[in-house]
Each structure stands twice: as C-alpha cells, then as structure tokens.
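Peer 1: Below, each chain spelled out in residue letters.
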Amino acid sequence: MSCEPWQCAEIASTKKANPIQKPEIAVAMIKKAQRPLLIVGSNVTERWMEGKQAIEYIIDLANASKIPVVATAHMVGEFIKRGYTPAAFWNAMEISQRVGDPTWMGLDGKGHPDLVIYVGMPYYMEALILAGLKHFAPDLKTMTIDNMYHVHASWSFPNASLEEWAANLKVMTSKFSGGN
Amino acid sequence: MTSKNVHVKIDEMKTNAGLIKNLELSIGKVINDNYTEPMGPTPMPSVTALRDWDMKLLTKYKPFYMPDCDSCCLCTFGKCDLTAGKRGACGLDIGAQSSRIVMIACAIGSACHTAHSRHLVHHLIEKYGRRYPLDVGGLNVKVEAPVSRLVTGIKPETLGDLDDILTYTEEQITQILATAHTGQEANNLDFESKAFHIGMVDHVGMEVGDIAQISTLGYPKADPEAPLVKLGIGSVDRTKPVIMCIGHNVVPSVGIIDYAKDTKVDDKIEVVGLCCTSHDMTRYYTRARIVGPISWELRFIRAGLADVVVLDEQCIRTDVAEEAAKTNTPVIAASEKNCVGFKNRTNDSTDAIVEDLVSGKVKGVLVLDPEKVGEVAVRVAQAVAPIRKRKNVLPTAEEVVAIAKTCTQCKQCQRNCPQDYFIPAAMKAAAAGDLSKLTDLYEVCIGCGRCEQACPQKIAIHSLIVKAGEKSMECEDNLCRSGRGAVSDVEIRNVGSPIVLGEIPGIVAIVGCSNYPKGGKDVYDIAREFASRRYIVVLSGCSAMSAGSYRNSEGKTLYEEFPGGFEAGGVSNVGSCVANSHIAGAAIKVANIFAKRPLRGNYEEIADYIHNRLGAVGLAWGAYSQKAAAIGAGFWRLGVPVVVGPHGSKYRRMLLGRKEDPTNWEVLDARTGETVNVGPTPEHLFNVAETKEECIVQIAKLCMRPNDTWKGRAGKLSHYIDLHKRYLGVMPNDIHLYIRTMADVPITMKDEIGKILEANNWKETIIPDPTLLPRMVRKMK
Ligand code: SF4
Ligand code: SF4
Ligand code: SF4
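Heads up: the protein sequence lines correspond to chains A and B, in order.
For the first sequence, counting from 1, position 143 maps to 143 in the numbering used here; every step adds exactly one.
For the second sequence, counting from 1, position 655 maps to 655 in the numbering used here; every step adds exactly one.
Be careful, since some hints might not be right.
Pair by pair, the computed Cβ-Cβ distance ranges are [said to hold, decoys possible]:
(1) A:G111 - B:A178: 24 to 30 angstroms
(2) B:K405 - A:C8: 24 to 30 angstroms
(3) A:I80 - B:G754: 41 to 47 angstroms
Computed list of lysine-lysine pairs in DSS-like fashion (alpha-carbon distance at most 25 angstroms, straight line) [claimed, not checked]:
(4) A:K141 - A:K32
(5) B:K79 - A:K16
(6) B:K411 - A:K52
(7) B:K471 - B:K521
(8) B:K268 - B:K389
(9) B:K471 - B:K240
(10) A:K15 - A:K141
(11) A:K15 - B:K79
(12) A:K141 - B:K62
(13) B:K79 - A:K81
Residues of chain A clear of chain B, computed beta-carbon distances all greater than 12 angstroms [claimed, not checked]:
(14) K16
(15) Q21
(16) I25
(17) K175
For the record, the hints were derived by calculation from the structure and aren't laboratory data.
Don't be surprised by glycine CBs; every beta carbon is placed ideally from N, CA and C.
Next comes chain A alone, as it looks inside the complex (with noise of 0.2 angstroms):
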C-alpha cells in the first residue's frame, strides 16, 4: 500500500497526512472521539466491490459504529433508498465549511465534531476540502477512510485495491460490532 497521492499532482507542503496501515487503529481514534462525523460523498454509489456498491459497506460501517451520518450531493435518497436514514444531508461545501468553524455546534447543536471522516468524494473535491481544513481548521482532527491517500487529512488509508478496502471497511464494522 503506497502513501503518494492518488491523484499525483495533489501534493502538501509541510502537513502530511499520518497514515492508517491498519483499520483497527482507525477505529481506535474513531472510538476515541466524543463527537466524530461520517461525510459521505457521490462516489459511493459509483464504486463496487465483491457485487456491492460501496454505499453498502458504509451502511454496516455506519449501522455498526453509530456514527451520524452526513449524506452530500444527492447521496441522501441512495441511503434511504437502502433503509438506512442519514443523521442530515448537506452540500459538500456547506457541510465541510460548519466542520471548519469551531463556533459550529454540529448536527444535534450539543457541540463540535471532534473528528471528521470523510469519504467518497470525488478525489480532487474531497482534496481540496480537505486542505481548506488543514489550513483554517488547524486544531480539526479529519480522517479519510478512503482507498486513496489524501495528503491533506490528519489522517488517511494509503492506496489500495477496491478489494483491500472492501476488507478493510469489514474489519472496521466488526470492530464496532465487537468483533475482535
């Protein structure tokens, strides 16, 4: 698994994202957090693995780890469509724009996410999201759960096949279903 950008040109400068090598420590930093937040972008429905549209596995990832869910672009209709209601649906922009201003309250108004996931972007969207955090939200924790790298994040999976982040997503549900 390589840790350069997916996208080869999306470079960082001096922040870099730490790397996830392994799901179970993505769910130890997810279990840790008061208050994380799942983003979902479009691509999970475009993407397919073992048969099953990538939205699938984030359903049971979702399901398993009680994560609240924000569906963007038009992903809140594919969610309930599958019978899982996302806690709130968002423009990408909007959603990630709340995400990076501390006074936000988040979804509930009870208090700031203090953890950030985001996956299913288009790559160069969720990127560039991303590195707006980085910069003006520098206090924020964001984690890709991805099988592309993103450089921008606090933390991401490196590149992997659509195979290894089926299995990876599976790991991560059993975990949270407490499975070992």
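Dock chain B with the ligands against chain A, hints included.
Peer 2: Same frame as chain A, but now just chain B with the ligands:
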C-alpha cells in the same frame, strides 16, 4: 461622456489649389453627447469605487478557501510554506494568497477577453473605419451596450467609441494585476473585491468584442430564430478537404470563408471549428460546422479528419502542432498570442507558404494577416487532402486488443486521469477482446490525454478510446442554434414583470467550458429539465454545444424542441465566450427597461436590484478556465449566484451564505427603512454541486429572491420541492426559511408544509421592497 476622434479621408478632390489625393486627417477628440441620461455616481469606477458594495456581498457570502497549493513561489523570497497560519517572507497568509490566486485567475480571464476584443476592434476599425455604426439588433435593441453603459457611462454608437471603452478596461486590468505583486494588497477580502472588480470589467470587455463583430460581420442580431447549424464530427463531409479552426477569434476564419466564397470553392471544402471560434464562424456563415467543445481537439486530429489546422487564440491545446504532425496535417498559427514557435511568414508570398506546407518542408507557419491565412488555408487544404488521404493515428480494432495486452494494470493512467476513470479495467476487458468499456469511456472522456502521459508502457490510451468510440463519433450529427447575440428590448419588456414577480421561476444561464465530471449529457439534461419547467434557459460557449449534442425520444435536439427566445420555456444560445456579456446585459436591461432604474454609471443600484429581484442563476458545469472565473466574478458583483461542477472546486474559493444565521439575511425595506429578514435568498454566491442531481436542486433553490410575490414564491417552491423529492429522494429540510406568509405555500402542500412550519417555530414575516443600500430607502420615501 462619449468622445470621438474626427477622422477625414479624401480619396480624390479637385480644388482651386489643384487635385488632392489620398488625404487623411485626424483631429483630436470631439465630445459627442447624444447620451442624455444624467451620469450616475460611478462612471468608469476605479478599483475601490464599488468596494463598499463588494463588502456587503462578502459579509453575506463568506469566502470558504480550499488552497490548491500549500506554498507560494511567486517571488525569490519563496518558496514559502503557508501551511495552517504560517506567513510567507512578505507577511502574506494562506487566506490572502488563496484570494490573490482567485484574483489573478480573474485578471487573466479578463485580459484574455479584452485583448480579444481589442484585436477585433482594431481589425474592424481598419477595415470599416472608426465611424462605422454599431447595430446590435436594429430597432429592437435600443440599449445596445447595457454593460458598457452601466459601468463606463458611455453609450457607444460607432466602432471608434468601443476603442474608448477598451481604454478603460485595459487600465483596470493593469491596476488589478499590479496589486498581485509581492507586498501590495494584504487583505483577503480586498483581493476578493478586486476579483469582483475585474470580473465586472471582463463583462465590459466581452460586450465590446461581441457588439463589434455583430455590427460588422452580419451575425444574427438579437434573433430568437437564429438559424440552426450543424454540430458534431458526423456532420462533417469527409469527402471534401477539411479546414479546422480552433480557438476564439473569428478573424482568420472570416479570411478563410471569404476566400473560399470569392474563389467559388466554398461548396468544395468544409470549414469546421472547435470551441468558440466555431460559434462565431456559424454566426458569419451558416454552412460552417461546429465540431464540438475544446475536448474534441485530440480526437478530431488523431482521427485524421483535419487537412489543415488553423489556430487563433485561447483554449487551444499547446501540443496541437505535435499532434497534427503525426497525421501530416499542416498548421497555420494566426494570432500573435499563440505563435507556436513557427517562423513568421506574414510577409512571404502566398505561393511560397503554400508550397512549403504542402510539400511538408515545414510543419507549420505563423501568418498574421487574416486574408493571407484565408488563401493559404484553402489552397493548402485542397492540395494536401489527396496526399494525406485522411492519414490517422488510430489503431485498428485488432491493434487495440493487441496493445491492450501490453497493459500491466499499474493504474498510473487512472491516477493521472482528472476524472479518475477506471481505465485499467477497460484495458483488461479490451485485452480480452471486449471494447465496450473503452467505448463507454469515449462518451465521458474530456480528451485531455493525461492518462497517456503517465503510462509506463507508452500506450496511446486516448487513441484506443477514440477508436472504440469511432462509431458513436461518426453518428455525432446534431444541431445547435447559431449564436443570437443580445436579448432584445421587446423580449425584456415581455418577461420583465413575470421574472421580477417570480412568476417565471428563474433564468438559468448555462455557460462555460467542457471539463464535465461525466460527459456533456449532464448539460443537456439540466437544460432540458429547466426548459420543460418553463424557466428561461440561456446557453453559451461549449455548454451550448454540449446541450445541442443529444436528442429527445422524438429525435429532436434541444434547439428544435424549445423556442430560441428569451422567454419562459425558451432555450437560447447567445453565442461564443464574449457573448456571455449579453446574459449580464439582459439582467441589467430588466432593471433598466422594465423597472426604469437609471443605467448610466449607476452600478450599485442596478446590482442591488438584480441581486434582490432577479431570479437568475449561472451554471458553469464544466468550467475550467481563467476566463470562466472572470465571467463568474462579473456575475458575483451583480449579486447573481453561480454554481460550478465538482471540478470548479479547483477555483479554490467558494462564497457561501449560512442559512441558519438570521442576521445574514437582513435587507432594508425601501418603503420604511425597517430591517427585514428575507431568508437565504439566494443562499450562496458561488458554490459547487457535486452531481447533476444536486445541481438541479441547487439551481431551483438559488432562483428565489426577496422580492418574489407570494404567487411567484409558491411557484418557485413547488419546483424546488418537486425537484428535491425527485432527485434527492426526500423533502427539503429548509422550506420554513423560504416561507414568509402562508400564501407562499404551494396550494397542494398546505397540510404537509403546515406541519413543518409548526415543528420549526415558524413566524410570519412581511415581503419588503428589498435593498441593501440605505440610500435607496431615502430615495423611495
Ligand atoms: S510572494 Fe510572499 S509568500 Fe509568495 S514567495 Fe514571495 S515572499 Fe513568499
Ligand atoms: S484523456 Fe480521457 S481517459 Fe485519459 S486522462 Fe483525460 S479524461 Fe481521463
Ligand atoms: S498506465 Fe498503461 S500500463 Fe498502467 S494500467 Fe494504465 S494503460 Fe495499463
């Protein structure tokens, strides 16, 4: 004030003193003041003249920065790492740097349009004289240059008057570029204001260019029934020699068409165009063909379809000469802005240039005389076509399979593809003899060639894609409406009231380039959705071509299915890039002609009117260029929201409102001076839509304005709710923010929405006479 040079030219005159021949006389400038409208407060605004207005907008719509680059390398103090609050050696932080890049992009775009217009105006003055009268639409267009009148206070009547307007735009571009120097502007919001300024100037520059060419070259003049012209690679008659013109400046193409007509070979050759030049070619000569948007360059050349390539300016691949050489296609560079390293042959004899190109002695030439370009291109095409015999570099279907077998599945192509397409999977299938995945890629590929650059096996991936898509390519035979130019005053009078009252649900202006996330079909779908709902749909540039490239179930293109007027349910194509100014012009004319707001040098009041009353939204679904940034900035300053596709995030700054913050949405009621919360109308000034579905919903929402009558708002809400349910699968969660009185609620949804209002502690409010300008309150009392 308008000023004019007096220019007298006498070919021959008998006087007492003898015979005078070829006398030319220029005497200074004489003031022409046919423009009787009193001058407004801000004629020819300086860089800061409208800063207060900009700051009002920038308080409402805050920049959300997404730096595309963590560092700055603009001067030798750098590279400076600007990560997360660090400042560069000059003291600049990443916010100011990001906004500086936005401003620079807008300045480049604005310079491009103004330089294009400057060339046109120079050329046309040389050909027709300074006193040649402007005519944008005869008696139907009395406000011939709304943007120029608004910004500069000049009412241009002749080509010479346009010269004066360009002097203003050129000065502003210089002033703005100067502020980008190290150690000049320090504040991000001031950079933003300057980006707005240069965007406004850009629309002036564009307007000048388009009205100059409309007036002189016999283009359609504000004509809703501008002719339907052929569009697509399949529409090109490949039995004839083909001259392919790429770029934006029609002057060399006019030279080609005129020469072909004069020598009576116009029906023996095909003159086709790519990008905006092609729009303007068809406005001049309806037999010209529009091949397609910028992304069609590689496929057309590699398929061997061009016998001569003529380059003018803007948005031309910089490797065209190398690509053309592979198919033995001679290249003529015809613009000072793009000399391509070729020898300047302008002063050589035409025979010598033709001979060198036909024999292959030279691959290309620079010729800066458009008439000479015309003769060379036509003669070379005729001589070269039988020799080239459509030489192409596409592999055969069998070769595609063999080449695909050399793929190692390293994924470098996918990682270098801006769209992240699954090229390796298509290669794997092709290696097994199944080309269908490559064919699918043909439909969505933007033809950038980046995949090939990364392939360690040196596979010509794009050529494989084009070969697999060859059958689709040959079927691309569609129709585009030739660029109509301005919107007529009559059309404005007809739609002014229903737009401002909200009864026409909105104006959707679909403009810009072809960096689409999933091909051009999205543009067609979006345009069709809104036209079917009786919005006014206006298109330009590459978007206008993409919209014409698909057909409905009855086999009709969009331009055949819907009327070409600026009317409810109309789909019009204003024309090329520079014609975008007519869209801003139409908005300005609603304020001026319908609402009778003074126009001359009165920018702030007109922008305030448009922002609060005119439900117009710009969409640049595939925007890639700096010119698109400048066009967008011109709309931002007018308070018109702009949506871009996902690649538009790379402009690295959004302008977002916060709908939950009531103080964000306060306007003054011009009747009383009271502050009224009008809700997020419109919610953003610049935002990305990630998918087509989201884009459609966002546009419908952004069409709402504080001034909507209850009937208009109810109509706009019905579309918003209906589209939201259809494309996002759920009811919107912010309807309560858009309802001011129960009369705003769509009649069939009273119960459903009543419950939502109750759950959100909704309170009734008034519909004000909205303004952001305190001086308008005093005026209206
Ligand atoms: S312009 Fe400023 S930030 Fe950029 S390289 Fe020079 S000193 Fe550094
Ligand atoms: S040419 Fe097409 S497939 Fe290749 S990188 Fe560009 S968009 Fe992707
Ligand atoms: S870069 Fe070339 S070798 Fe690698 S996967 Fe793509 S086509 Fe195959």
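Peer 1: If any of the earlier hints don't hold here, list their numbers in rising order.
Peer 2: Those not satisfied are hints 1, 3, 13, 14.
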